[in-house]
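So the protein sequences, as listed, match chains A and B. To convert, note that position 37 of the first sequence is 37 in this note's numbering; the numbers rise steadily by one, no gaps. To convert, note that position 75 of the second sequence is 75 in this note's numbering; the numbers rise steadily by one, no gaps.
Mixed in with the good hints, there may be bad ones.
Short derived list, chain B residues pointing at chain A, Cβ under 7 angstroms [to be verified]: (1) Ser-5; (2) Leu-23; (3) Met-77; (4) Ser-111; (5) Met-246.
Just so you know, the hints here were simulated from the structure itself, not pulled from any lab data. Values in this document were obtained by computation on a predicted structure and should not be read as measured data. All C-beta atoms, glycine included, are put in the ideal place defined by N, C-alpha and C.
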Amino acid sequence: MRLKRPSIPYIAWMVVFTIIPIALILFYAFTDSSGSFSFEAFAKAFGYTNVFLKSLWIAFISTLICLIVAYPVGYFMSRQRKSVQNVLTMLFMIPMWMNFLLRIYAWMTLLQNGGPIDTMLSLLGIHTTLIGNQGAVILGMVYEYLPFMILPLYTVMAKIDTRLIEAAEDLGCNKLSVMRKVVFPLSIPGIISGVTMVFVPTASTFLVSQYLGGTDDLMIGDVIDKIFWSDHNTGSAIALVLMAAIFVFLIILNLFGDEEAIAA
Amino acid sequence: MKKFSKIYTGLILFFMYMPIVVLIAFSFNNGKTTVWKGFTLRWYTDLFRDSHIMNSLWNTLLIAILASVIATVLGTMAAIGINNFTGKKRLFVQNISNISILSPDIVTGVSLMLMFTLAGVAFHFQMGFWTVLLAHITLCAPFVVLSVLPRIRHMDYSTYEAALDLGCNQWQAFRKVVVFELMPGIFTGFLMSFTYSLDDFVITYFTRGASFQTLSIQIYTMTHQRISPKINALSALLFLAVIILMLIINIRDRKEEKKHGHQPG
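Just chain A, same shape as in the assembly (with noise of 0.2 angstroms):
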């Protein structure tokens, strides 16, 4: 049974499908269209900072926004019966599965103008439009994201013992330091794949933007959906910066929480 040969169809099919493609990102990143080496594609690329910069900027607000709202629910709900647990995880499964685009849609047909929100502000004599701004974009990705901050928070603290808390209650701790020396140090890794699964995709959407944002809101995935398909250099040399932006704060990030793993 110490068999390794079923991986292997597995390991090939991921070098095919995944090493090569990157290589290819890489490839097209480093030449220009006539296929020599070149940094024309970064030079253009360049052009693009401050989108860039904008886009790890509302990805970064949409994720500690959904930690901070998420952070209360996921403790709330591990500290429930395991069976209100269950229906709770359920509720919250529910809106992370319907489709993606169908949600942000909600939101467009809510937010405009002379939809119910608008409507209803009307009559309240509260004139102002809501779509097409960066509040809009960011509270579209905190909803389509909410789910996948709550999920993780409440697996890691339902792990976390009641009597743990119990008994730094009976050792004098008040509700606050219970919270700050006990539950925040054990929910580090929940808080780490949580942020992990809110910034990657929200740093990288291209649909919420277009959806809910202005003209000038913009993001790094919708420059480089509009540009890939005419100048396959560039849109590497951005999907390139891109992925290494991304995996360079998820280093970071886990770096921080080994640290605090280990003070804790």
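Based on these hints, arrange chain B on the given structure of chain A.
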């Protein structure tokens, strides 16, 4: 404090469901705008008469079933093998899985498009059904490995050996002991694959070529043109499908828990 947590969680659930409920409500609206004009079912009949949408639905299901079955077989076999690797080789296999899982969809999409375009020129084919299927298998297989591996680590090999001693041939022992033991992990992997494939837009978008349509692509096209309440009707039906699927899984989990007693995860 308790009360506050309850209200807070309730509010978050309201935030998650309100947009979906509004969409479903408007699917029964006898008008094209978001102003209520009375009850109708005509968007549903329109939806079923729309051959493009029905065709995309069929394509989506076909791709999701094929991709998740193939990814499950590939991933389960891989997990069994990977468990017996050690040191650098093991690290290499784990890293290619991780790269694939952590790469943003858009990068996976464009990189596969580059390869399919070049291969298409070399071998005279065009992107379409097959390239989307290959891309989806690539998307799903690492998740199967991820969900089967922990099960293998906890598996007791002596049961496999016992089966051999009791007269099973290797294949029988594999099927009746190994596959049986790994089943919950395999099923989770399959389910994850199925939902990832079903929900995928980005990777399909880049690898579908000129004319192959899936439901996500169809929704993308529809929402980019004028707003049609048919989308609302479609949302309502998909929402219903998700709930039914969720209930089935939950019932299965309950049965499983009863069978094996209390089990974490």
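What hints, given by number in increasing order, does this structure fail? none
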